[in-house]
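Chain R is fixed; fit chain Y onto it per the hints.
Listed below, chain by chain, are the residues.
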Amino acid sequence: MNIGLTHILTISTALFFIGIYGFLTRRNMITMLMAVELLLNSVNINFIAFNKFLYHDKLDGVFFTVFIITIAAAEAAVAIAIIINLYRHYKSIDVEDADTMKF
Amino acid sequence: MSASTIIFYILAAVILGGALLAVTSRKIFRSAIYLLFSLIGIAGLYFYLSYEFIAAVQIVVYVGGIVVLIIFSIFLTHESGGDMKAPAIGRAIFSALAAVFSFALTMIIIRKQEFFPTTNAAVEPSVHNIGTQMLSTTAHGFILPFEVVSILLLTAMIGCIVIAIKTFKPKV
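Chains as they are written, first to last, in the numbering used here: chain R, 41 to 143; chain Y, 968 to 1139.
Only chain Y is shown next, with the shape it has when bound in the complex:
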């Protein structure tokens, strides 16, 4: 086994172990921390595949943004430290069975499927290439989705403020 293979299996263990603990832990705060480890492992997997830009975005947005948001909302809505109640045993068993059998089915299909890589010359996924193509207005540019997503982010931001704002009732 080469060093690259060993690193891959360590990353896989971090991702899947973190995810499993995140969905089974009884303490909600620990669950959030395990999710953090899983997301960092996924960023490591992107580094391993040499997509450094996506790895950086993953760390900034997920680890720096979403997990912090989740932890804050846990503090706002829970007395942290208490255990959540365990899921009903029947529901847990049937969910596990459904997940395991679907996983087996998907793995059978993936094993049978033959993949044919393209033979064209590779494009380096560097920040320069990504930025040039994303903001280009030519036939293969992504400027329109970029603008649509920016409008969506603005809408989501306003929506969040409107939903979560405290409404003061006027004193009669």
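Okay, chain R solo, but in the shape it has when bound:
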């Protein structure tokens, strides 16, 4: 049995919904950030798989993956800076505690 596109897409879909589950259940900002990283990685796997199996005459999937990885790094850095700043104010990184702007 050959490993085809469907196998890779199954992995990336499962990874995506594991990330969704983590994002919905976790109440801790750092673990929510981890769940977002899982989502971004599943999207990267999709780009690489489509580039490999369907459009191997182009490199566009590779470029999208490189840019997504870069932006994910920037996003993680900004998110962690915000989390550390929130921790100074509230002495907690639970999302339920940061409710100053809640209406």
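Honestly, the hints are just simulated from the structure, not real lab data. Be a bit skeptical, because a hint or two may be false.
Facing chain Y, a subset of chain R residues (Cβ under 8 Å, in silico) [said to hold, decoys possible]:
1. Ile-51
2. Ile-108
3. Thr-110
4. Phe-143
Computed cross-link-like contacts, PhoX-like style, restricted to lysine-lysine with a CA-CA straight-line distance of at most 20 Å [what the hints assert, rightly or not]:
5. Lys-142(R) x Lys-131(R)
6. Lys-131(R) x Lys-994(Y)
7. Lys-131(R) x Lys-1079(Y)
8. Lys-1079(Y) x Lys-994(Y)
9. Lys-1052(Y) x Lys-131(R)
Backbone N, C-alpha and C fix where the C-beta goes; we use that ideal spot for every residue, glycine too.
This is chain Y only, laid out in the frame that chain R set:
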């Protein structure tokens, strides 16, 4: 089963097992380590698909950068070793149901969909080809997104410093 298939299933088990443990573990530090395993498994999957450059970038940026950043922020904001409190049971059940049903729906669509690969000659995803096309200024080059992303990284770096910097109140 060939060796290639067995390697693929081992990689899949590492990726999905690591991800599941990362989102369910009660100890936040263990959660970060499971995420590390999952990301290394994804890098292995890129190696398996023979995209070595992307695998190297994945290891350098995610494993070397983001996970280390997450672990440092855990040390800065937690007394590590303590358990996180479990999610409310109703929320956990409904989140799991939503994830499982969405997964089933997506899998049905993927199974039904027929994919048609292009018949053009393949381009080797080597560092040489990637670099040439990324930095080319011709019609299919990616120099503009490259520059925009470099500005974005600079902005994010300055933003992080401004957000996380300690403000000293002047003594009155």
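Structure-based check of all given hints:
1. Proximity of Ile-51(R) to chain Y holds as hinted, the smallest CB-CB distance being about 5 Å (cut-off 8 Å).
2. Hint on Ile-108(R) is violated. Least Cβ distance to chain Y is approximately 10 Å, over the 8 Å limit.
3. Satisfaction of the interface hint for Thr-110(R) is found here, the shortest Cβ-Cβ separation to chain Y being roughly 5 Å, below the 8 Å cut-off.
4. A cut of 8 Å between beta carbons decides the hint on Phe-143(R): the least distance to chain Y is about 22 Å, and the hint is violated.
5. Using a Cα cut-off of 20 Å, the hinted pair Lys-142(R) and Lys-131(R) holds, with the two alpha carbons roughly 18 Å apart.
6. Of the supplied pair hints, the one linking Lys-131(R) and Lys-994(Y) holds, its CA atoms being roughly 19 Å apart against a limit of 20 Å.
7. About 50 Å separates the Cα atoms of Lys-131(R) and Lys-1079(Y), which puts this hinted pair outside 20 Å; it is violated.
8. A C-alpha spacing of about 40 Å is found between Lys-1079(Y) and Lys-994(Y), which places the hinted pair above 20 Å, so the restraint is violated.
9. Among the hinted pairs, Lys-1052(Y) with Lys-131(R) is consistent with the structure: their alpha-carbon atoms are about 16 Å apart, no more than 20 Å.
In the structure shown, a violation is registered for the earlier hints numbered 2, 4, 7 and 8, in ascending order.
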